[in-house]
Amino acid sequence: MPVALLDDFIHVVILAFLGSGALLAGLVMAVFSALLSFWAGRVENRVMIQVGRRAFYATAAMIFIASALLETALVTHDFSLAYVAEHTDLSTPIALVAAGFYGGQEGSLLYWALILGILGSASLLASARLGPRLAAYAAGIMGAIASFFLVVLVMVASPFDVLAVTPPDGLGLNPVLRDGGMLIHPPVVLAGFAAFAIPFSFAAAALLAGRFDASWIAHTRRFALVAWGLQSAGLLLGMWWAYHVLGWGGYWGWDPVENVAFMPWLATTAYLHSSQVQERRGRLRAWNFALVILAFLLVVFGTFIVRSGIVPSVHTFAVSAIGPWFLGFLGLCIVFSIGLLALRSGGLRSGGEAGPAVSREGAFALQNLLLIGVIAVVFWGTMLPLVSGLVGQERVVGVSYYERAAGPLFVAILALMAAGPLIPWRHAGAPFWRSLVWPGATCALVLATLLAGGVRSLPALYGVPLGAAVASTVIYEYIRAIGRWRRAGGGRARALALLARRRRRYGAYLAHLGLAVVVVGLAASHFWQQERDVTMRPGQQATVAGYTLTYRGSDTRELADHSELVAAMTLGGKTLEPARATYAGLGGQSLTHVAISSSPIADVYVVLAGINSDGSASFRIFVNPLVSWIWAGGAIIILGVILGNAGSRRTVAEPVPARVASPVGVS
Amino acid sequence: MIRWAVVTVVVAACVGYLVYSASGGSAEYYLTVSELRSHQPASGDVRVAGVVQNDIQRSDGGLHVRFTEKDGTATVPVDYTGTLPDIFKPGITVVAEGRLGTDGIFHARVVLAKCPSRFSTTSYTS
Amino acid sequence: MTLIVATLFLFAAGPFVLWPLIKTPDDGAGGESR
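Chains as they are written, first to last, in this note's numbering: chain A, 845 to 1511; chain B, 63 to 188; chain C, 28 to 61.
Chain A extracted, bound-state conformation:
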């Protein structure tokens, strides 16, 4: 017995105290880094600025150590830690055990801090060339954000809390969460949020330092792209996971948790485009600062909403102690940001004359307005329950609100995406209007085809033709560019080399193409979905939307911790096995295993509702057209981001081509 107690004690010493010690040291170092960096930047003491920066690196190291310790505790099944006991057990597959690091409240906060530490350190490494004051303030702000997370980790939600008695086994994961989607979706989403702290920090630092040039944009462009890519992937992975696991045939419900992940993405998208205008033409400065700040505030806001439980959602939230902390942090960020913008409002006015509206600058400005409009729509829908509950009877909006309010805005944005890449900078002349023939003709052709095919759903009639128009613009641009280069001499090899040199632009076009594919997939699978409830005896057939399924029979299988009721069906030559798993150990909780047969045309999606006493089985069958286009389009988007930005840091922002003979020289 005494040996076991000693063993317990050593265990506790090695992991829990090391971990909490590392976090506490990290907190001290983060506060030190923030305070020193701000002071040293103010007085421009270069030595102290370097010290402050190194303190941030040390903070990141402490967070990394704490993370490594937590992961070690998880994979060695150290149930003396409350966190390990609450989120894993001995029977959980090792991959899900490891994923427990970011799966719970405390761990996900540590993961957020880890991403901030790593990416923040990377962004500071080469930051000195931005000028000492700007670099110092950026370190200070990132140190302050890290300090907040570390304060919460140390004082309110520590992953290293120890249980009084070490249990022999943990509680384990709820069966619904035991899925591959749990492995990938949360860390990608969280990393996408945390990554955007970097552009925010540099933008705020630039404002603080009175620097209104675009250097902070160029420096943090990579990080903004990484954040955007991760957020895009996170949203799509979440949709994919919901589609495969939850069994209601859909992938997006406009639930508050989904909405608060969507809004930062919208703001980040607007920023990525709008920042180009500042880089090329020095305009939209105020917009860019505002968009970066808005995106980050939405990230903090979303984190607060998800962890505080104040808005009703189908996701259960623990009403936890950290809600008020995040509310306070959100308030602080809002005050800081507004104060900063007000303080520097004088310098924000862009120089130069306001250009003509029909120009690329104008298109980007319009895009900003439209995306902000969508954010406002989603924000209102998300917050209505809270606001209305405060002043009277609580009301919630249904899914149709989002479609009716945001739909027209999405249509306008799609139209802009189809025309945008063709609009020249500065002034759109006749060549531009002529080039609109391509997306216009594609749109008209697809629209006519749909109408001829009997499609009457208005959203689909807007979404699919416009998606096709966006795609046609991208293809047109590619063809035109390659044609131009081949004519200029050098042949195909030189053309490809030039493509690589201009990859920032053509990678972005590829991402546009991916988004067009996603839009078409969304429109088709949402508005043309068909659904049928059927009850069948073995040997019977059912036909849904032209797909014939034959029910063969059912079977019960006993597994380690659950029993599975499996129904066998054949579709053409394929076998589908929708199932229901029952977990006796969890009070008889049952879980649906959806059976999906995917093809580029449509998914056949079968849910087993149950088996009746007379041997017949009841199913809900969906046919979802073009769902796989959503996932494929997502992959194309990511490919576009990677190809467009891989390699040399200094991809040339190519000179603005003069499509119209202009008296002004090329900028």
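Please note that a few of the clues may not be correct.
Claimed, not checked - Some residues of chain A that are not near chain B, with every Cβ distance over 10 Å (derived):
id, residue
1, Val891
2, Ile909
3, Ser965
4, Ala1341
5, Leu1487
What the hints assert, rightly or not - Heads up, incomplete: computed chain B residues facing chain A, CB under 8 Å, no partners named:
id, residue
6, Arg128
7, Lys151
8, Asp165
9, Ile167
To be verified - Just some of the chain C residues that point at chain A, by a computed CB distance under 8 Å:
id, residue
10, Val32
11, Leu37
12, Pro42
13, Val44
14, Trp46
15, Leu48
The set of hints was computed from the structure by calculation and includes no laboratory data.
The beta-carbon is built from N, C-alpha and C at its ideal position, and this holds for glycine as well.
Got chain A sorted already, so can you dock chains B and C onto it with the hints?
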């Protein structure tokens, strides 16, 4: 600059109109079981949240179900046809969307259950 | 115990963080280091 101010105002007005018209049509009331009988509006769906009681009756292979929802002191029988959320069983909280009929039964079009939380406070009491 | 461990970590990180102060300064601000 004036031109852009005008564009901004126009877009803002459009967004405001869209929000107003869309929420007017589809916003639903979110009621407690106790409020259901007294506060249900004349038309339109409402949402009711409550805890599932022990009297679940299924038929039609599990596609049709009748159960009782309870919150605080009031209960209401719920009738629903369709697939249920996986974690549906007595003791869990559900949100039913539909209307209370003159027969005193809430006819649900949708039944949603709260997803198991990734951030649950199920603390381990040793 | 946590405090002791934290202090040890801080002492370990000290030299790295304070290196720009410790190293023999070149004239002026010297080369910009990371």
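Now for the hints, and whether the structure bears them out:
no.	hint	in the structure
1	Val891	holds, 43 Å
2	Ile909	holds, 24 Å
3	Ser965	holds, 28 Å
4	Ala1341	holds, 40 Å
5	Leu1487	holds, 33 Å
6	Arg128	violated, 15 Å
7	Lys151	holds, 6 Å
8	Asp165	violated, 23 Å
9	Ile167	violated, 20 Å
10	Val32	holds, 3 Å
11	Leu37	holds, 5 Å
12	Pro42	violated, 10 Å
13	Val44	holds, 5 Å
14	Trp46	holds, 7 Å
15	Leu48	holds, 6 Å
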